[in-house]
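The task is simple: from the sequences and hints, build the whole structure.
Here the protein sequences come in this chain order: A and B. Residue 1 is where the first sequence starts when you use the working numbering, and the numbers rise one by one after that. Residue 1 is where the second sequence starts when you use the working numbering, and the numbers rise one by one after that.
A couple of the hints might just be wrong.
[Said to hold, decoys possible] Simulated crosslink set (DSS-like; lysine-lysine; CA at most 30 Å straight-line):
#1 LYS303(A) to LYS114(B)
#2 LYS83(A) to LYS375(B)
#3 LYS194(B) to LYS300(A)
#4 LYS295(A) to LYS199(B)
#5 LYS198(B) to LYS303(A)
#6 LYS375(B) to LYS300(A)
#7 LYS298(A) to LYS375(B)
#8 LYS194(B) to LYS295(A)
#9 LYS303(A) to LYS199(B)
#10 LYS93(A) to LYS146(A)
#11 LYS375(B) to LYS295(A)
#12 LYS414(B) to LYS87(A)
#13 LYS198(B) to LYS298(A)
#14 LYS300(A) to LYS198(B)
#15 LYS299(A) to LYS199(B)
#16 LYS295(A) to LYS288(B)
#17 LYS375(B) to LYS299(A)
#18 LYS375(B) to LYS71(A)
#19 LYS198(B) to LYS299(A)
#20 LYS114(B) to LYS295(A)
#21 LYS288(B) to LYS303(A)
#22 LYS295(A) to LYS195(B)
#23 LYS299(A) to LYS414(B)
#24 LYS194(B) to LYS299(A)
#25 LYS199(B) to LYS300(A)
#26 LYS303(A) to LYS194(B)
#27 LYS295(A) to LYS198(B)
#28 LYS38(A) to LYS146(A)
#29 LYS114(B) to LYS298(A)
#30 LYS71(A) to LYS199(B)
#31 LYS303(A) to LYS375(B)
#32 LYS415(B) to LYS299(A)
#33 LYS288(B) to LYS299(A)
[Claimed, not checked] If you want the ones that stay clear, here's a sample from chain A, every Cβ over 10 Å from chain B, calculated:
#34 ALA59
#35 PRO72
#36 ASP74
#37 ASN99
#38 PRO109
#39 GLY189
#40 PRO248
Quick caveat, the hints were computed from the structure, so don't treat them as lab data. Where is the CB? At the ideal position from N, CA and C, for every residue including glycine.
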Amino acid sequence: MKKHNRRSLLKGGLVGGLLGAVGLSKKAHAAGSFEGYKDRYGMLVDLTRCVGCRSCEAACNKEQQLPAPDKPFDDFSVFDEIKLGQKRRTTEKAYTVVNKYEVEGHDRPVYRKIQCNHCNEPACLTSCFVNAYTKTPEGAVIYNSKVCVGCRTCMIACPFYIPAYSYSSVINPVVKKCIMCYDTRLKYGRPPACAEACPRETLTFGKREDLIYIARQRIKLNPEKYVDHLYGEREVGGTSWMYLSGVPFEEVGFDTHLGTEPIINYVKDFLTIVPMVLTIWPALFTGFHLLATRKDAKKKEEKSNV
Amino acid sequence: MKRLTVNGMSPVDSLFKEEGKILWTVKEKLLLGLSPLDYIAQAVRNPFNWVLAIIFAVGIPVLIGRFIFGLSWVTHSSYDYPWGLFLGWGLFVMVPLSASGFMLGTTVEVFGRKDFHSIERLALLNGLLGYLFAVIFLQVDLGQPWRLVYPMFVSLGPAAVLFLVAWHVATYLSVQVAELVPAFSEWAGWPVGKKFVKKIVLGLTVAGIILSTLHQGALGALFTYAPGKVHPLWFSAPFQWFHFFCSSIFAGLSMLIVVSTLCKTFLKWRCDDEFLENLDRQTLGLAKGCSLALITYFVIKVLAIAHDNDWHYLFTGWGQWFVFEMVVGVLVPLALYATAIRNDSARLARFAALLAVLGIALNRLNTALITFNWKLYQEIPHWREVVIVLTVYSAYIVTYRFVLYRLPILYSWKK
Chain A
1 MKKHNRRSLL KGGLVGGLLG AVGLSKKAHA AGSFEGYKDR YGMLVDLTRC
51 VGCRSCEAAC NKEQQLPAPD KPFDDFSVFD EIKLGQKRRT TEKAYTVVNK
101 YEVEGHDRPV YRKIQCNHCN EPACLTSCFV NAYTKTPEGA VIYNSKVCVG
151 CRTCMIACPF YIPAYSYSSV INPVVKKCIM CYDTRLKYGR PPACAEACPR
201 ETLTFGKRED LIYIARQRIK LNPEKYVDHL YGEREVGGTS WMYLSGVPFE
251 EVGFDTHLGT EPIINYVKDF LTIVPMVLTI WPALFTGFHL LATRKDAKKK
301 EEKSNV
Chain B
1 MKRLTVNGMS PVDSLFKEEG KILWTVKEKL LLGLSPLDYI AQAVRNPFNW
51 VLAIIFAVGI PVLIGRFIFG LSWVTHSSYD YPWGLFLGWG LFVMVPLSAS
101 GFMLGTTVEV FGRKDFHSIE RLALLNGLLG YLFAVIFLQV DLGQPWRLVY
151 PMFVSLGPAA VLFLVAWHVA TYLSVQVAEL VPAFSEWAGW PVGKKFVKKI
201 VLGLTVAGII LSTLHQGALG ALFTYAPGKV HPLWFSAPFQ WFHFFCSSIF
251 AGLSMLIVVS TLCKTFLKWR CDDEFLENLD RQTLGLAKGC SLALITYFVI
301 KVLAIAHDND WHYLFTGWGQ WFVFEMVVGV LVPLALYATA IRNDSARLAR
351 FAALLAVLGI ALNRLNTALI TFNWKLYQEI PHWREVVIVL TVYSAYIVTY
401 RFVLYRLPIL YSWKK
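What follows is the structure, encoded as C-alpha cells:
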C-alpha cells in the first residue's frame, strides 16, 4: 500500500495547482517537520575505524555486477589520484569509493567512504520530472532506468555529487548510483554488501533510529576520540547514511555548509507562485485588455446605437 | 536578391501573379517566384551561405556522430557538470531571447497597441523558432531523446520544476504555432485558419502570458535545486525565478530589436514600406519597455544581494565578474536606452539592444556553466560540443531566414 506521506501530498498539491486550484502553499508549509518512514534502515560510518582497505569497494563491485575497475582493488595508489583538483568520486563503474586524507595534527591518515547517502527527502527524487526515483520504506533511494529520459537534473540537484551517468552508452545511458543493495539485500532486511565485507566494523547497519542512538553513545563514551557531530543526522533534512569522525568534517571532504533544510524547501518559493499565476493572470490580463480597449468598445456601442 | 530586385524582380507577396488572375503554384511560391536556376544562382552569390556551408560541412557529421557514438564522444562526460553548452546555450540563452512572442502578443492583442502591429509577427516568429530550437538543443543533450514524451504521458513527476518547463514549453509551442497560423494561411491561400485564430487570439495571448511567466521563471527555479553549487551572486532561492522572468522581458524585446535591425539591413527587399517606416518609432517603443524592465531587474538583483547578505562576495574575483556583467549587460544598456529615448535615436537603441542581448547570454551562461560548481573547478566544453552548438544555431538562422523570405512576416500580404 502506498503510504500517504508529505511527498505525495506535495505532488497532489501541484497537480491540483495545475488544474487551477490554489492548494500548494499550505501543504508546503507543513514541510519542516517531515519525519520520513519510521522503520527505515541506515548505515553508520565510523571514520575512526576505517583503514582504507577498499574491501567495501570490491564487495560493491561484485554485488552490483559492475565492470572491472581500471586498477585492482588492492592497488592503493588510487588514493593519490587527483583529477581537476578533486579526489576520486563515484562513477558509472564505482558506486562507492574510499578516499584518503592527510589531516594536520593527526598521526594517521583518515579514510572516508562515499556513496549515495539516501536522503530522507532526496533532491534527486523531487527534481525528477519522470518520477524515476523512489524512497522505499526501507530507506533506500532507488532508480527506475526504464523511465529515465536522461535530463540529468538529479545530478544537478544532488548536494553530495553522487549520481553518475553512463555517458558512453548510446542506446541506454542511465544514472548510476548506490541503491543500498535494495534489490538483492535490503528488501529482505539484509545489510548491503559493503557493510558485510568491512573487516573493521567501520560500517554499522541497522534501523536509522537505533544508529543515531549508537552514534550518540560512542560520542558520549569517547568524547576525546570523536567530533561532537553526527554528519547526516540533520544535513539536508537528514540522510540514511551517517558519519562519525575524529577530525573536523570539513577536513575530510565533507560539505559542512549544506544546512539542515531539505533541498526541496529552496524550490518551494517558486512552486507556490505557480497556482497563483495560473489563477490570477487570466483575470488580470483580460481586465487589462478590457481597460485598454474601452475606447474602441465605446465607439462600437455608439455606432450600434445610431 | 538585392540585384534581382533592382532589375525589376518582385518577390511573391500575393496569391496571384501580376499578369491576370493566375495563382502562384506552391513550387513557385517556395522559389519566391524565381526559376530554379535563378534561385540557386542568388543563393550561391550570397557570401553568408558559404559560411553556413562550411559550418554544416563540419558540423553535421559531428552531430550525426553524437547519435552514433554517444554523449561522451562530444562532451567531457562530466559527472560534476551534467549540463554543458547544449543546455547552457540552447535552453538557458535561447528561451529568454525568445520571450518576444508573448511580449508583443500582449502589447498588441491585450493592451490594444495596434501601432506595433507591423512588428508583431516578427516577434511571434522569433519566439516560435527560439523555442523550437531550444527543444532541438534539448534533444541533442538528452541521454534518451526518444523518450521526450515520457514526462508528458508515460511517467509523470508533477512536483518537479522541470515538469513545469516541459509542459509549459510544449503547450506554449503550440500556442505560438497557432498565433502564426494567420501568416501561414495568407501565404497558403487558406482563409479559414486565419479566421479561426482571430476568434481565439485573446485567449491564446493570455495563455501565452501565463505559460511564459511560469516557464521563464521555472528555468531560473531549476537552479534552486542546487543551492551552494551556483555562486551566491548568481543565486538567490526566493528571487531566482523572478530574476529569470524579469530579465526575459528585456531579453526578448532587445532580441526583437536586434532581429528587426538585421532584417532591415539584410532583408530590405522582403520588408514592405509599412514595416520600414514604422520601425524606428517601434524600436524606441520597445526601448521604453526594455528600460523599464532593466531598471526593475537591476533593483531586484540588488535586493537579492541585500536579502541574502552577499555583499562581501562583491569584493572577490567572482564579484568583479558579477559587476562586469551588471555594468555591461544591464547598466550601460539601460543608460543607452534612456539616452536613445530622450534623443529619439533608434540607432543608439539598437546598439543598446545588442549589449542587452549579449548581457543576458552572459548571465545565463554564468548561472548554468561558469559560476556553476564555483567551489570545484571550471568545465571547458569539448570542441565537438562547440561545433554542434554552432551547427544547430546555424540551422536556426537558416530556418529563420527561410520563413522570413516567404511568409508575410515583414510585409503584408496583398489581397
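message = Taking the earlier hints as the rules, which of them does this structure contradict?
response = 6, 7, 11, 12, 17, 21, 30, 31
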